[in-house]
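J.: The lines below spell out each chain.
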Amino acid sequence: MNQLHSFQAVPSTRNAFDAYSTLPEPPRPQSTHAPRAHTQQPIVTGTSVLGIKYEGGVMLAADNLASYGSLARFKDIQRLHPLGDNTCLAVAGDMSDFQYMTKLLDATLRADRSVSLTDTHPPFSPQNIYTYLSNLYYARRSKVNPLWNAILVGGWDKEKKESFLAYVDLLGTTYSAPTLATGIGAHIAQPLLREAYEAKAGVDGKGPLLTGQEAEELLDTCMKVLFYRDARSLNKYQIATISNDGVKISDSKSSETEWGFAEGLRGYGPQTQ
Amino acid sequence: MALFAPPPMYADPTMAADKQHAFNPYSENGGSILAIAGADFTVIAGDTRQSEGYSIQTRYARKVWQLTDRCVIATNGFAADGNNFVKRIKQRLEWYEHAHQKQMSIKAIARLTQTMLYGNRFFPYFAYVILGGIDEDGTGAVYSFDPIGSYEREACRAAGAAQSLIQPFLDNQIYFRNQTPAPGAEPFVPGRLPLSTVLGLVIDSFTSATEREIAVGDGLELYVVMKKGRTTDDLVGSDNLIKNMQVQELGALGEGGSERTFLVSLPLKRD
Amino acid sequence: MGSPMEYNGGSVVAMVGKDCVAIATDLRLGQQSIGVAYNFDKVVAVNDKLYYGLPGLATDVYSLREHLRFRVNMYRMKEEREITPKTFTHLVSSSLYEKRFGPWFIEPVVAGLPQPTELDPHPKPFISTMDTIGCITTPKDFAVAGTAADKLYGAAEGLWEPDLEPDDLFETISQTLLNAVDRDCLSGWGAIVHVITQDKVVTRRLRSRMD
Numbered sequence: 001m002n003q004l005h006s007f008q009a010v011p012s013t014r015n016a017f018d019a020y021s022t023l024p025e026p027p028r029p030q031s032t033h034a035p036r037a038h039t040q041q042p043i044v045t046g047t048s049v050l051g052i053k054y055e056g057g058v059m060l061a062a063d064n065l066a067s068y069g070s071l072a073r074f075k076d077i078q079r080l081h082p083l084g085d086n087t088c089l090a091v092a093g094d095m096s097d098f099q100y101m102t103k104l105l106d107a108t109l110r111a112d113r114s115v116s117l118t119d120t121h122p123p124f125s126p127q128n129i130y131t132y133l134s135n136l137y138y139a140r141r142s143k144v145n146p147l148w149n150a151i152l153v154g155g156w157d158k159e160k161k162e163s164f165l166a167y168v169d170l171l172g173t174t175y176s177a178p179t180l181a182t183g184i185g186a187h188i189a190q191p192l193l194r195e196a197y198e199a200k201a202g203v204d205g206k207g208p209l210l211t212g213q214e215a216e217e218l219l220d221t222c223m224k225v226l227f228y229r230d231a232r233s234l235n236k237y238q239i240a241t242i243s244n245d246g247v248k249i250s251d252s253k254s255s256e257t258e259w260g261f262a263e264g265l266r267g268y269g270p271q272t273q
Numbered sequence: 001m002a003l004f005a006p007p008p009m010y011a012d013p014t015m016a017a018d019k020q021h022a023f024n025p026y027s028e029n030g031g032s033i034l035a036i037a038g039a040d041f042t043v044i045a046g047d048t049r050q051s052e053g054y055s056i057q058t059r060y061a062r063k064v065w066q067l068t069d070r071c072v073i074a075t076n077g078f079a080a081d082g083n084n085f086v087k088r089i090k091q092r093l094e095w096y097e098h099a100h101q102k103q104m105s106i107k108a109i110a111r112l113t114q115t116m117l118y119g120n121r122f123f124p125y126f127a128y129v130i131l132g133g134i135d136e137d138g139t140g141a142v143y144s145f146d147p148i149g150s151y152e153r154e155a156c157r158a159a160g161a162a163q164s165l166i167q168p169f170l171d172n173q174i175y176f177r178n179q180t181p182a183p184g185a186e187p188f189v190p191g192r193l194p195l196s197t198v199l200g201l202v203i204d205s206f207t208s209a210t211e212r213e214i215a216v217g218d219g220l221e222l223y224v225v226m227k228k229g230r231t232t233d234d235l236v237g238s239d240n241l242i243k244n245m246q247v248q249e250l251g252a253l254g255e256g257g258s259e260r261t262f263l264v265s266l267p268l269k270r271d
Numbered sequence: 001m002g003s004p005m006e007y008n009g010g011s012v013v014a015m016v017g018k019d020c021v022a023i024a025t026d027l028r029l030g031q032q033s034i035g036v037a038y039n040f041d042k043v044v045a046v047n048d049k050l051y052y053g054l055p056g057l058a059t060d061v062y063s064l065r066e067h068l069r070f071r072v073n074m075y076r077m078k079e080e081r082e083i084t085p086k087t088f089t090h091l092v093s094s095s096l097y098e099k100r101f102g103p104w105f106i107e108p109v110v111a112g113l114p115q116p117t118e119l120d121p122h123p124k125p126f127i128s129t130m131d132t133i134g135c136i137t138t139p140k141d142f143a144v145a146g147t148a149a150d151k152l153y154g155a156a157e158g159l160w161e162p163d164l165e166p167d168d169l170f171e172t173i174s175q176t177l178l179n180a181v182d183r184d185c186l187s188g189w190g191a192i193v194h195v196i197t198q199d200k201v202v203t204r205r206l207r208s209r210m211d
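Residue numbers (this note's numbering), protein chains in the order written: chain A, 1 to 273; chain B, 1 to 271; chain C, 1 to 211.
Just so you know, the hints here were simulated from the structure itself, not pulled from any lab data.
Don't take every hint at face value.
As the list claims (entries may be wrong) - With a straight-line Cα cutoff of 25 Å, these simulated PhoX-like cross-link-like pairs (lysine-lysine) come out:
| id | chain 1 | residue 1 | chain 2 | residue 2 |
| --- | --- | --- | --- | --- |
| 1 | B | 269 | C | 140 |
| 2 | C | 78 | C | 140 |
| 3 | A | 143 | B | 269 |
| 4 | A | 143 | B | 243 |
| 5 | A | 200 | B | 269 |
| 6 | A | 200 | B | 90 |
| 7 | A | 160 | B | 243 |
| 8 | B | 87 | A | 206 |
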């Protein structure tokens, strides 16, 4: 009988600690024979971030929410982090890993700045910072102790006079493209970003890029669409603009939304007919 | 009924402690690579799409890199592992050059690749590797590896998402499998096809793969390594260019060897 | 036990040519990795203008073949004419869909030349294929199915071209099948190719690698 009791055909996703499955990934039992791993799971998380190249540089967007599972826990978190004069990060995933990583990078940049008082060498380019991050994230995944983030690095390379936009995540996966989006944004916003980008620049990207205003309006649209469909998003977000003039991070703003259509919906929620 | 009901989870103190989220350190980023050896050249190619599941991460990510004047490497599988493997191999080649005042031969790079892959036997690089180039005799060479270092020299090899589509085609067209020479004709010898034929086969292979395999597409990068002194007319001659094809010569990386490497790029379908 | 679709192994391919069609199959019957027979023909003639192949679970090959023989005979008696490739495709499809929630583990391939009629004196060669529950596709070029399907796609995509004459179509479909099954552990062990034209059917047995 006791054998029967301990057998469960369908593993329960609930336990006393997390009775309502609010944590992002309900913990699952693991073999006790496996070697001890430092694995973890994200706890306080930020949802998708977006990035796009425009004619004078790069723009990044991230909302101000840090969720604890399905709980909208912190509603005034800045997920855009400037580094130096012409690089900015937009970070999704675990917020404590994000803060740890920025602390590490800020210290590195600070150390470099103090050296540069006596030794003249060029400041870190966006590519330098991106390579550092890629190596950090790949090294941590290779220790099976990842930093649980997906990051967009946006920048303006002052030497080459060109914009920089690239992605790195918890696996150490890296790539670059003129428009980028992480997480659910890769499914919902990325098609909109690509469509608008290619409408002007063409599929080969050789045509003119979006203007700053067009890019910002496009990001506004994408953040609005994400707010409508991403249950872990907040209608309060910021946009970082990285250009030759440096990094500018906007005040928090929100989209105009229209929920009148919800009244007419049938088949969901409490209404009976 | 209560007798048969499972006990509540919190009644079992071992459960909570056991529980952990399993982190999977690997991913699969699609795409395909391919190499074909000729008598005095080798072609190494890869598409430029990088994907995860049904999402295209980028339409341009490199899978093929020039290592030396006579060796090119292509990797496929988990992109992060592939990139970092190439980074490490390039570092080892630089050290070799500093120590020996010459570039490593493709044969030695192949053995180095095996050692480095097998060095990670118990936490493998999830990367299928193909090396292509010119060997010490001046003939085209292709070496292919599995993720833990088994390797073999061949006349041609396809790997990646479209391996199963491309390899049978190559068996037929490069190894002449299931073909017999006409009575009185010369016997077939693999690895002796002219460059123009090989280029055609590589491009056909990738356009075919793009048609039927969703993880392949966007663009094709094709490296041609040529033996020293060999004519380049069959590549750079204007009548050999197909539509939208671009050819660019990559400068020498070292001294002495006068092998020449060309990068041919052309678009593939993006759907 | 693995997937029923891979239990016995085997592959079929069909191709369209100029006023002709071809259909070919390997001859292997296996039980997972063990080869059991090298005379397992998966292609059947409905009449001298219409052939179909049934790669998949061998037991279902027999059942479905008998089922279709019965249905075609009934059609012939009631209609007093031969069934067209298109109608036959829909017959196979509905037979498969009848078992929607407990399917035949078969992916049929049909190849035929429709009879010229007064309305349509120059009918186009016809091929079609279905999934296990009868979803039809009617390609203009070639249709593949079985355990070597991905290899067949690659080979066919590289070798096939439009408007092949019967002899060239034979060569193309033979090379496609042989080179594909040579890379598939579960297919091979000989092959049979049928090339259907308006005045005759040429059937050839191919020798191939037996490993």
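J.: Any hints this thing doesn't respect? Which numbers, in order?
T.: Failing hints, ascending: 2, 3, 4, 6, 7, 8.
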